[in-house]
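Residue 178 in the numbering used here sits at position 178 of the sequence shown; the count goes up by one each step and never skips.
Note that these hints are calculated values from the structure, not bench results. Quick caveat, the model's predicted, so the values are computed rather than measured. Each hint should be verified, as a subset may be incorrect.
[Claimed, not checked] With a straight-line cut-off of 20 Å between C-alpha atoms, the simulated PhoX-like cross-links for lysine-lysine are:
1) 252 - 359
2) 176 - 78
3) 338 - 359
4) 176 - 134
5) 189 - 134
6) 22 - 189
7) 78 - 134
8) 252 - 189
[What the hints assert, rightly or not] Each pair of labels, with its calculated beta carbon distance range:
9) 487 - 23: 17 to 27 Å
10) 223 - 270: 31 to 41 Å
11) 270 - 54: 52 to 62 Å
Here a beta-carbon is modelled for each residue, glycine too, at the ideal position from N, C-alpha and C.
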Amino acid sequence: MAIGDLLVKKNLITREQLQAAKQQCQTSSGTIENVLVEMGLVSARHLLEARSEQLSIPMVDLSSFKADPELLKLIPSKVVHRYRLFPVERRNGTIRVATNDPFNLYAFDELRMLTGMKVEPVLAYEDDVARVIKEHYGVGGETVNAMVGDDVEVMTDVSEEDKDLIEMAQEATVVKLVNEILLEAIRDKASDVHVEPFEDDLRIRYRIDGVLHTTTVPPQIRRFHAAIVSRIKILSNLNIAEHRLPQDGGFKIRAHNREIDLRVSILPTAFGSAVVMRILDKTTSLIGLDKLGMQGELLPRFQGLIDQPYGIILVTGPTGSGKTTTLYSALKTICSDKIKILTIEDPIEYYLDGINQVKVNPKIGLTFASGLRSFLRHDPDVILVGEIRDYETAEVAINASLTGHLVFSTLHTNDAVTANTRLLDMGIEPFLVASSVSGVLAQRLVRKICTHCREAYEPDPDQLPSDFEYKKGEVLHHGKGCRECRNSGYRGRFGIFELMCINDEIRELVVGRVSATDLFAAAVREGLKPMRHDGWDKVRRGETTIEEVARVTKRT
1 MAIGDLLVKK NLITREQLQA AKQQCQTSSG TIENVLVEMG LVSARHLLEA
51 RSEQLSIPMV DLSSFKADPE LLKLIPSKVV HRYRLFPVER RNGTIRVATN
101 DPFNLYAFDE LRMLTGMKVE PVLAYEDDVA RVIKEHYGVG GETVNAMVGD
151 DVEVMTDVSE EDKDLIEMAQ EATVVKLVNE ILLEAIRDKA SDVHVEPFED
201 DLRIRYRIDG VLHTTTVPPQ IRRFHAAIVS RIKILSNLNI AEHRLPQDGG
251 FKIRAHNREI DLRVSILPTA FGSAVVMRIL DKTTSLIGLD KLGMQGELLP
301 RFQGLIDQPY GIILVTGPTG SGKTTTLYSA LKTICSDKIK ILTIEDPIEY
351 YLDGINQVKV NPKIGLTFAS GLRSFLRHDP DVILVGEIRD YETAEVAINA
401 SLTGHLVFST LHTNDAVTAN TRLLDMGIEP FLVASSVSGV LAQRLVRKIC
451 THCREAYEPD PDQLPSDFEY KKGEVLHHGK GCRECRNSGY RGRFGIFELM
501 CINDEIRELV VGRVSATDLF AAAVREGLKP MRHDGWDKVR RGETTIEEVA
551 RVTKRT
């Protein structure tokens, strides 16, 4: 029975839909299967299941598959990449290979000739086949094989041969290799790409949901380190001849029909240049404050702060803790035609309609402080400063708040109470800090338990942190690992918070320059809930795990 008729028989599509797909096939070069998927009439999963039934070829689940290293050595990586198939089992002179295309007889014939064994295909999802190939043969493996096959030699990374290095970096194969590394990172929703050279190895790691994951790459890729770095330098408009000093730059790409900015930092190390690329997807839609993880009493308290007409609201935390996302979500709640909002950032991480956004450019003298001074002449109601880094920026921001403006900004401090100490250390007078700062929100990001593999369990009380109040018989949750979460048990992130609202008692303590310990005790009396306790509440609700909260917070 034809695949289309089988889909109709299984009530996955109607006869009319099949006819429409056949007419579409006549005007395009696609197969009936591809057209059905493109038209959204049937999913790739249902199509593969129908194909399995049609051809009596079994399906295999590669989501938790463990490969046989000895079997992988039998099949050249070129064949694996060229035909998109993966060896899953060897038994009695027969190799079973997972594929999404059971009609590729040339691939099976070539494999039979290379191994001298019978080849038996089994069906697997295309995405799963691509994933296990990358896991075991490496990202960019096909491209590296082509580079080695073409006998491309990377020039030595020395100044007199920079011209040759530039030519090498412009080679189509090098361009394709860098593109594959970036596309894989974007597909995995990574926030950063790390390219790290060692004496006999080149390691590529992606930061996914705040945790670094080492990506498998072909061992030959070490030979092309200089060309990869040179390609990234060319894209970032950096000096390709400079190998001794750190460099910073960036570039923009279009992938998956959206524009993505990349911030690039290059650092000279003992074995060559290390590269970190921060991925900034400006088309990412902002979510509400409640979706960020603000719950309970904290949400209305924070909403009350951002509804005030003036004052400074600070969001604190380390790099990558979601501070900018929180600020933008706050701006989104108050953005309207009745108020003017100006932002100055480095870089602009999100684009918001109705808000005037400025990117700092120190090379021409446009700094946070100089931009802020210009802002005050544009009659704003609300100002966002990407980060308060120095006395000058802090002074202008405080003056803006004291003249009737609502100012949002970020600081790099570990908790809410030390934000005031940080401003005092910059040289700001205590009475100015006390009279201008309305509230400080400290935050961290923790990983969410994957909803596809979430399961309940009873923990061992002896293994729990001492400050986690566990009731005997209480059920907690974790993820056991599945295809959707890359077998990590986690998928996505959200915030845990602590909010210090500045009242008269805390203002007096700030003016008196009391210690952070005394300030924290006063803030707790006034309603501050420590960030770690906010995390424990979310553990009890089954949203994250004890290990995650313990990883990003310390005992208070």
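Okay, the hints, checked on the actual structure:
At roughly 15 Å between alpha-carbon atoms, residue 252 and residue 359 fall within 20 Å of each other, so this suggested pair holds. As the CA atoms of residue 176 and residue 78 are separated by approximately 16 Å, the hinted pair is consistent with the 20 Å bound. The suggested pairing of residue 338 with residue 359 is violated, with an alpha-carbon distance near 24 Å, which exceeds 20 Å. Pair hint residue 176 plus residue 134 holds up; C-alpha atoms about 15 Å apart against a cutoff of 20 Å.
With a C-alpha separation of about 16 Å, the suggested pairing of residue 189 with residue 134 holds against the 20 Å cut-off. Taking the CA atoms of residue 22 and residue 189, the gap is near 36 Å; set against the 20 Å cutoff, the hint is violated. The straight-line distance between the Cα atoms of residue 78 and residue 134 is roughly 13 Å, inside the 20 Å bound, and the hint therefore holds. A threshold of 20 Å between alpha carbons decides the hint, and for residue 252 with residue 189 the separation of about 17 Å falls inside it, so the pair holds.
For the pair residue 487 and residue 23, the supplied restraint of 17 to 27 Å is violated, since their beta-carbon distance comes to about 43 Å. At about 18 Å, the beta-carbon gap between residue 223 and residue 270 misses the expected band of 31 to 41 Å. Hint check: residue 270 to residue 54, Cβ distance near 58 Å, so the stated range 52 to 62 Å holds.
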